[in-house]
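**Student:** Those protein sequences? They're chains U and W, same order as listed. According to my numbering, numbering within the first sequence proceeds without interruption in unit steps and concludes at 413. According to my numbering, numbering within the second sequence proceeds without interruption in unit steps and concludes at 413.
It is possible that part of the hints are untrue.
Since the list gives no way to pick out one identical chain from another, each pair is judged satisfied if it fits inside one copy or across any two copies.
Subject to a maximum C-alpha distance of 20 Å in a straight line, what follows is the list of computed SDA-like cross-link-like pairs (lysine to any residue) [said to hold, decoys possible]:
1. K52 with H368
2. K150 with E309
3. K379 with Y236
4. K284 with Q49
5. K379 with M234
6. K119 with K183
7. K313 with E110
8. K150 with E367
9. K379 with S226
10. K379 with P233
11. K341 with P370
12. K119 with I185
13. K119 with L250
14. K379 with Q225
15. K52 with E202
Keep in mind the hints are simulated off the structure, nothing from the lab.
There are 2 protein chains.
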Amino acid sequence: MITTTIQNYVDWLAQFGETAERGVTRLLYTPAWQEAQQALQQRMKELQLTVNMDAVGNVFARSEGTVYPEEVILTGSHIDTVINGGKLDGAYGVLASLLAVSELKRQYGAPKRTLEVVSLCEEEGSRFPLTFWGSRSITGQYKLAQMQNITDADDVSLASARQACGVTGGQDAQRKDIVRFVELHIEQGQVLEQEQKEIGVVSYIVGQRRYTISIGGQSNHAGTTPMHYRKDALVIAAQCISLCADAANEVGDGFVATTGQITAFPNVPNVIANDVKFTLDVRHYDEATIAMFCEKIFFNMEQLAKNVGATIIFEQWLEVAPVAMDKQVNDQLKLYLQQQHIPYKEMLSGAGHDAQVFGEHVPTTLIFVPSKDGISHSPQEYSTPEHLQRGVEVLTHILYELAYKE
Amino acid sequence: MITTTIQNYVDWLAQFGETAERGVTRLLYTPAWQEAQQALQQRMKELQLTVNMDAVGNVFARSEGTVYPEEVILTGSHIDTVINGGKLDGAYGVLASLLAVSELKRQYGAPKRTLEVVSLCEEEGSRFPLTFWGSRSITGQYKLAQMQNITDADDVSLASARQACGVTGGQDAQRKDIVRFVELHIEQGQVLEQEQKEIGVVSYIVGQRRYTISIGGQSNHAGTTPMHYRKDALVIAAQCISLCADAANEVGDGFVATTGQITAFPNVPNVIANDVKFTLDVRHYDEATIAMFCEKIFFNMEQLAKNVGATIIFEQWLEVAPVAMDKQVNDQLKLYLQQQHIPYKEMLSGAGHDAQVFGEHVPTTLIFVPSKDGISHSPQEYSTPEHLQRGVEVLTHILYELAYKE
Chain U
8 MITTTIQNYV
18 DWLAQFGETA
28 ERGVTRLLYT
38 PAWQEAQQAL
48 QQRMKELQLT
58 VNMDAVGNVF
68 ARSEGTVYPE
78 EVILTGSHID
88 TVINGGKLDG
98 AYGVLASLLA
108 VSELKRQYGA
118 PKRTLEVVSL
128 CEEEGSRFPL
138 TFWGSRSITG
148 QYKLAQMQNI
158 TDADDVSLAS
168 ARQACGVTGG
178 QDAQRKDIVR
188 FVELHIEQGQ
198 VLEQEQKEIG
208 VVSYIVGQRR
218 YTISIGGQSN
228 HAGTTPMHYR
238 KDALVIAAQC
248 ISLCADAANE
258 VGDGFVATTG
268 QITAFPNVPN
278 VIANDVKFTL
288 DVRHYDEATI
298 AMFCEKIFFN
308 MEQLAKNVGA
318 TIIFEQWLEV
328 APVAMDKQVN
338 DQLKLYLQQQ
348 HIPYKEMLSG
358 AGHDAQVFGE
368 HVPTTLIFVP
378 SKDGISHSPQ
388 EYSTPEHLQR
398 GVEVLTHILY
408 ELAYKE
Chain W
8 MITTTIQNYV
18 DWLAQFGETA
28 ERGVTRLLYT
38 PAWQEAQQAL
48 QQRMKELQLT
58 VNMDAVGNVF
68 ARSEGTVYPE
78 EVILTGSHID
88 TVINGGKLDG
98 AYGVLASLLA
108 VSELKRQYGA
118 PKRTLEVVSL
128 CEEEGSRFPL
138 TFWGSRSITG
148 QYKLAQMQNI
158 TDADDVSLAS
168 ARQACGVTGG
178 QDAQRKDIVR
188 FVELHIEQGQ
198 VLEQEQKEIG
208 VVSYIVGQRR
218 YTISIGGQSN
228 HAGTTPMHYR
238 KDALVIAAQC
248 ISLCADAANE
258 VGDGFVATTG
268 QITAFPNVPN
278 VIANDVKFTL
288 DVRHYDEATI
298 AMFCEKIFFN
308 MEQLAKNVGA
318 TIIFEQWLEV
328 APVAMDKQVN
338 DQLKLYLQQQ
348 HIPYKEMLSG
358 AGHDAQVFGE
368 HVPTTLIFVP
378 SKDGISHSPQ
388 EYSTPEHLQR
398 GVEVLTHILY
408 ELAYKE
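Please construct the entire structure, taking both the sequences and the accompanying hints into account.
**Tutor:** Below is the structure:
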C-alpha cells in the first residue's frame, strides 16, 4: 500500500517556486531550485533512503541491492522547470520514482539490484544555454571545468551560480555503475488523451533537425508587375511550406515537420516580398528517413525557386540523433499492461527527455501518462490524479521486475 | 521644333526638394513644393501662357481656344512626390504637357479648343492621409471645408499648411468646363522595358481590393503533435497564398494578386502557429472578374480551414473601381504609333494616377513611357532621355489632334 498519493506529493513540491499564475519557476541554482532539492533530500531521509548530492546538484536516494549492489538501476527525472511552467514536467517523474522505490522497500525490503531515485538538477536549459546539464554530467558528456565559460542572461557563470546556492564538490559527476535508467513523464502531447489510453510505452525518442530557409526574390510594385514577371519570395515560401506538410503526411509513421516561424521583407501589403525566411523542424525515430525527407524536399524547394529565378539557402542549426528505448523491457511492460487491462499505446516521444541522454549509454525505459489537451510548459499543464497514480503503479511494477527478480 | 529638351526640364525642376541621395522630396504645401509651383508659374508666363492657381494650389497654364474656348482640354500630372522619390513620377507629365502646349502654340498659334496644362498640387498622399487632393478638388469630390479636419503627422491641418505656404482663395476648385484629360507618366513597372516597347497606351486603370485574412488554428508542440492532430495556421496560410498565386495566373489577362505581408504567432521554430494574418491585394480592369476571383478563392480558403477545424476571417479594407480610358483616342493613338513605326503596347495601369480621377467624369487618356527596371518612388527611378522625348512627341501629336482639329 502506498502511504501518500502522488497528487499530494506533486502539490507539495510545487510550492517551491510557485508563480502568481499557479505555475512553477524553478531555474537551475536559484533559491526556489535549492529549496526544492533540500526539501526532497529531507523527505528521502525520512523514507530511510541513503541520500547523496553530486557536484552538479543531482540528488540521489539509494536503496542498496543485496545481491548485485554494484548494478545501479537509476529512476527519476528533473527538478528544474521552464519559466512559469507546470507542476508536473520533470517533478512528477522524480516524485513517482521516490514513491515507487520507498514503497517497494517498505513492502519487500531491500532489492537484489541497487535502486536509486534521481532528481536531476537540470534538463530544460531555461537559465543557461545548455540542456541536460544534470544527466549529461552523469554520463560524462559534461565536465565541471566547462562551468566557467557558460553564463546566464545576467552574465552569471554556471560556476558562480552553483557556488552561490551551496552546491559543492570538485569531482566530476560521471558515474559508471548505472546499468539502466527508467523515467516516468507526462506525455506533453495529446495522443494518449485522443486515443483514450492511460499509459504510453515509448519505443523511440525522435531525432531532430532544424533549419532556417531563406528565399531571395525581387521586390516590386504589386500593381504594375504582371504575375509572370514576378520573383515573389513569399509565394515560393508558401509553396515550400505546403509541400513540407504534404510530404510529412505522406511519410506517416509518426513523422512530423513544422514551420513555426516566418518573416517577410519588406512586409508591406502592396509590395512583392523579396526576402522571406522560415524555419523547418523535422522529427522522426529513424535518422535515414529524416535524411531522405530533407534531401527530397530541399531538391523540390530548389526547383520551385529555380522556376522563377529566385535563390534559396538552407542553413541547418540543430541535429539530434534518435534514441531507441529498451525493447525487452517494453515487451515486458506491454504484456503486463495487457494482463492488467490497462489501455496503452506504444508510441514515439517527439520531445526531448533525460531518457535520451541515458539511452545512448544504457538500456533505458520511458513511460508516459496522458496530458490534458497536450498542454505543457504552462501553468495549465494537467494530468488527472488517476492517470498520475496509474503511472506510479506501472513504474513500481517494472522497478520490481528489474530490481527484485534475478 | 521644341526649344528645350524634356531632360533639361526634368533636371531643372528636380532641384526643388532635391535630397542627399539625389532623389526628390516635395510634399504638399512645404517650401520645396511652393518653390516648384512658383518656378513653374514663372516659366509658364515666359512661354506666353495665361497662368492661374486655384484655391488648393493646382497651377494652370492656358492657351485659349479660338472656336470652342469653353471646351477645356486639360493635360498634365502632379508636382508632389513621395519622401525621397524620383525626378519623374508626376513631374515628367507636367513638364511634357508644358513643352507640348507651348510648342503647339509657337508652331500653330492658338488652338481651336482651349488647352490647359495643369500641375496638380497633390496625388501621392505622402503628407496628409488623403490621395488625389488636387484632381479630386477639380472634379468636386473634395471641398475646401474638409481641410480643417485633415492633419499631417505633426498635427498640422491641411488648412493651416495651405495658408502657411501662401495658397489662398475661398472658392472651391471644382471646374465644369473640362471636357477631356490627357496624362503622360512613367510606367512604374517593367512591362514596356521587358517587351522593348517605347510607348504604353493605357486601356484601363485597374480596380483594386485589399483584404487582411486571419487564420485561427491551435498552438502545439512541434514534436509531440502528430500531423493529423494539427490545426497549423501557417500551413493553411501557405496553402491559401499558393492557391491565390495559381488562381491569379490562371485568370491571366493582366490579373494580379499579391500577398506582401504576413505575420505568424507565436512565431517560434518549435511551436505550431495558432494565429497567422496575411494581406491580399487583388487588381484587374474588370470589376466582375475581381469579384468572381475573390468569391471563388475565399470559398476554397474556407474549405482548407474547415478541413482541419481552423477558423478564417476575411476583412476588406480597400475598394477602388477600375476606370476605362477613352477608347476612341486610344484607337487614334495606336494608328499613329503604327504609322510612325513606334513600338507600343496597349496595356493596363496597375498603379493609381490622376487620370483615374478625371476618367470617372470625362474622356481621359493615359500614356506611359518605359521605366528602367520598373523602379519608381526611389532616387533610382529612371527613363532614358530618348524615351522621355518620345513621350513628349506622342503627347504633342494627340493634343494637336484633339485641340487643333474640328
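**Student:** Output the numbers, in ascending order, of every earlier hint that fails for this structure.
**Tutor:** 1, 2, 4, 7, 13, 15
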